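Here the protein sequences line up with chains A and B, keeping their order.
Just so you know, numbering that gives the first Met the number 0 puts 339 at position 340 of the first sequence, and the rest follows in order with no gaps.
Just so you know, numbering that gives the first Met the number 0 puts 172 at position 173 of the second sequence, and the rest follows in order with no gaps.
Among the clues, some could well be false.
Unchecked claim - Per the computed footprint, the stretches of chain B lying under chain A, defined by three or more beta-carbons under 8 Å from a beta-carbon of chain A, are: (1) 33-39; (2) 194-208; (3) 243-257.
What the hints assert, rightly or not - Here are the in silico distance ranges between beta carbons for each label pair: (4) A:Gly339 - B:Gly59: 38 to 46 Å; (5) B:Ser58 - A:Ala406: 24 to 32 Å; (6) A:Phe122 - B:Gly59: 42 to 50 Å.
It should be emphasised that the hints constitute simulated quantities derived from the structure, not laboratory data.
What you are looking at is a predicted structure, and each value in this text was computed from that prediction instead of being measured.
The beta carbon of each residue, even a glycine, is placed where N, CA and C say it ideally should be.
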Amino acid sequence: MYVADSRSSKAPVAPATAPGRRGAALRAAVPGAVVALGTVSLVTDISSEMVSAVLPLYLLTGLGLSPLGFGLLDGIQNGFSALVRLAGGHLADRRGADGAARHKAVAAVGYGLSALCKPLLLFAHTVPLIGAVIAVDRTGKGLRTAPRDAMISLATEPEHRGRAFGVHRAMDTAGALLGPLTAFLVLRLAGGPLLADGGERHGYDAVFTVSACIAALGVLVLLLFVPNRLGSDETSTSTPSLRDGIRLLRLPGLRRLTLCAVLLGLTTVSDSFLYLLVQRQLGLATNLFPLLPLGTAAAFLLLAVPLGALADRIGRRRLFLAGHAVLLLAYGLLLSPLRGLPAVLCVLVLHGSFYAATDGVLAAAAADAVPADQRGAGLALVGTGQALARFACSLLFGALWSAIGGADALAWSAGALALCVVGAAVVLREPTREVPS
Amino acid sequence: MNQLQNRTRILVLLVAVLLLGAVGTGAVLYAADRTARRDQAQPGGPAVSPGHVTLQTPSGGRQLVFRNMAWGPHRDELTAVPADHADGPRTASGVHCLRFYAAGGTGICLQAEHGALEDTYRAVVLDDHLKEKRSFPAAGIPTRSRVSPSGHLAAWTVFVSGDSYAGTNFSTRTSIVDVRDWNLRDNLETFDIIKDGRPYQAHDINIWGVTFADDNTFYATLATGGQTHLVRGDLAARTLTTLHDNVECPSLSPDGTRIAYKKRVPGLSADAPWRLYVLDLATMTETATAEQRNIDDQAVWTDTGTLLYALPGDYGADLWTVPADGSGTARRVTQAAVAPAYVG
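Just chain A, with the same shape it has in the complex (with noise of 0.2 Å):
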C-alpha cells in the first residue's frame, strides 16, 4: 500500500545547481531545482519505505500488535496527515522577512520531522510510543507535500509543468521501489531472521539505523542544492492571511478541478483492496502477493515523464480524466471472465499508467488555476480534497465489501466511476482561465 502513499506526499524541490545534464531538450523541461527536488524525494523515499516495509512485521511478531489494530492506526494517521497538509500549503506561502515564500524552509522541518523520527524507533519499545513517532512521521510528510509541490510548479515554466511532476514522480517512486529492497538486504546482511521471532531486533534496529542515515541524506540534499527562490516566485509584501486561503475556492478553475478530484477520489478504490482483488478475482498465489506493489510503480515509474509530457501536449485536464478511463478498464478487467498472470499484469500495467496520468498531472493541472504566492495552499487544497475523498471511499468501500462481497462492491464503484468520469469531463470542458505564474 506504500505506492499510493509514497505518491501523494513525498519529498521537496531541488535548485537548478545540482544534477541533469542530459541534452538540451530535457533540461529546457526539468529545471535542476526539479531534480533536486526529485532527487530528496528518492533518497527520503528509500529511507521511509525502509521502514514502512518492516514496520508491520516488527510491530506484530516483536510487539504483538494486531492487523487490525496497525490498519485502524495507519488509516487514522493518513487522515490526519492529508489534513497537515493544509496548515503546510498555508505556512509555506507566508513571506520571510526577506519578502520570499517560506516553502523550502517549510519543506525542511517536513523532512527533518520525519527524519527525526527514525532514530526515535531504535527507543520506542511500546506500542503508543511507536503510533506516537508515527504520528509524528506523517506530520512532517504533511507538512512537506504542498511546499514540495509548490516548489516544482514554481521552478518550472508553465508549459512544461506536466513532464517536471512526472520527473518528480518517477524518481520518487524509484525510491518506494528501492526501500523495501535495501530493508531486506540490510535484515539479510545484520544474519538476522526476517521476523523478530524469537525476540531479536538487532535486524531492525539496523534498519532503522540506516534509515535515519539515509533520511538525513536526503534533508542535505534539500538545504544544499534547492534554492531559498525559485524563478517565478518574486518578492512580495503581501502574506496570504487565512481568509485568502480561504477565498481560493473562489477561483472557478481551483474550484472545478478540486470538485473533479473529490468526486474521482470517492470512486477511487484504495489500492490495497484493489490488490486484494487482484488476488481473489483473477486467481494469483498468495506468495505472490507481495510483488503486487511493485508492478503498479514499475509502471508508474516507466509511465510517469512520458504522460506528463503528453499532458503538456494535449492538456491536463484532459489526461486527469483520461488516467481514471484507465482505471476503469482495470475494474473491467478484474470483472471480466479472464483469470491468470496475463491479466494481473494487464491490471498492475493499468493500475500503474492511471497514477502516471493523474498523480503528477494533478498538481501540474492545480499549479496551473492557482496565482504563484498561493501555490501552496492551493495545491494543497486539491491533494487534501483528494486524499481525504479517497479516506471515505475506503471506508464505504470496506463496509461494502462486508456486506455485500469484493466483486459486487467493484461493480458499483466501476458504475460511480464511470459516472464521475462523464461528470467531470462536463465540469471541466469549460476552459479555465489560466492564471498567469
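Assemble chain B onto chain A, guided by the hints.
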C-alpha cells in the same frame, strides 16, 4: 546557503555521505555480530548435545519435546528432555522448527526457508523419527500448530499477507490435513459457520488456534466483527459452531471437558490484553488461573491437570506452568524454550 560555491556543497555532501555511510555500516556490522554470538553457547545456559529424538514412548519414559532457543549450535532445533526433569540436559535432533507439536507418533513442524529477499514457510508432517513425510507451502509466518490425539490429523495457523477486511496487510489462515490420505482442508474459512444458532456469513472472518478432540471434532477461535468466539468444528460436515465469546488459542484438556485459552480482559493495556483462563465446557464457567501476566500462547495440558505455556524470556521465551483450577502460583519449568509437546 545559496552563497555556497558548488564545490563547497559537493564537499559537504561527500563528507556527510562518508559519515552517514560509516554509521550505517557500523549498525549493520554490530547487528551481524550480535546475531553471530547466538551461535555460541552462553555460560549458564542448558547443556545441549546432539542425539536421537523420537516421538514414540522412549525407553527413558515420557519426554517433553520443544524448540530449543538457547544460544549455541543447536539453537532453533527440536530438543527432548525427560518430562519430569524439564530443566535437565537437552538432546538435540537437528530438525529446525519455528513452531512444533506432536501426538500419536506424528509431528507437525512449521519451518522457514530463507530465500534471497524473502522468507517462505512450509508446514512439514514428521514421522515418529522426525523424518519428513510430506510438506505443504504455508502462506505466512507460522503461529500455531496441533496434532489430533491419534496422530491422524495435523493443523496449523499462519499469518497471511493480504487477507484482511480493513485493508491492512494481515490476517490468519488455518489448514488441517489428514495424514492417512493427505486430504488437505487448506482454509477453514470456507466451512459453514453457525453463529448463535443461525447460519452466518461475513467477509471479515479469521480462524486460528485449532485444538483436536478426536479425528473429526475440533475447537478453534473464530473472529468476526471485532469479536472472538470459541467454535466447535466438524470436519466431515465442514461446519463451525460458536459456543462462547472472547476465547483465543483454545487448548482442550486430555479428558475433553475443559478448554484453556487466552481471554481478552477489559481494562488491560492494548499491547498486553490477555490472561490465561480455563473454560468448563459442560457449565461454560470461566476460571482465571494464578498466572497474572499477559500470555500469548496456545497452552499445553500436562497429564496432572496443569498448563504449560511460553512467556517472553532472556533468550526469546521460557516455559512456565500453572495449575488449571486457579490454585497455586506460576512456576518456571525451563529457560530458552518454546512450542512444547509431551511425547510418550
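How the hints compare with the structure:
1. Counting residues of the stretch 33-39 of chain B whose C-beta sits closer than 8 Å to any C-beta of chain A gives 4, which meets the bar of three, so the coverage hint holds.
2. Only residues whose C-beta sits within less than 8 Å of a C-beta in chain A count toward coverage, and the stretch 194-208 of chain B has 3 of them, enough to reach three; the restraint holds.
3. Counting residues of the stretch 243-257 of chain B whose C-beta lies closer than 8 Å to any C-beta of chain A gives 0; at least three are required, and the coverage claim is violated.
4. Remark: the range hint 38 to 46 Å for Gly339 (chain A) to Gly59 (chain B) is contradicted by a beta-carbon distance near 55 Å.
5. Against the hinted window of 24 to 32 Å, the Cβ-Cβ separation of Ser58 (chain B) and Ala406 (chain A) comes to about 59 Å, which falls outside the hint.
6. Checked against the hint of 42 to 50 Å, the C-beta distance between Phe122 (chain A) and Gly59 (chain B) comes to roughly 48 Å, which is consistent with it.
Consistency with the previously given hints fails for numbers 3, 4, 5, ordered from lowest to highest.
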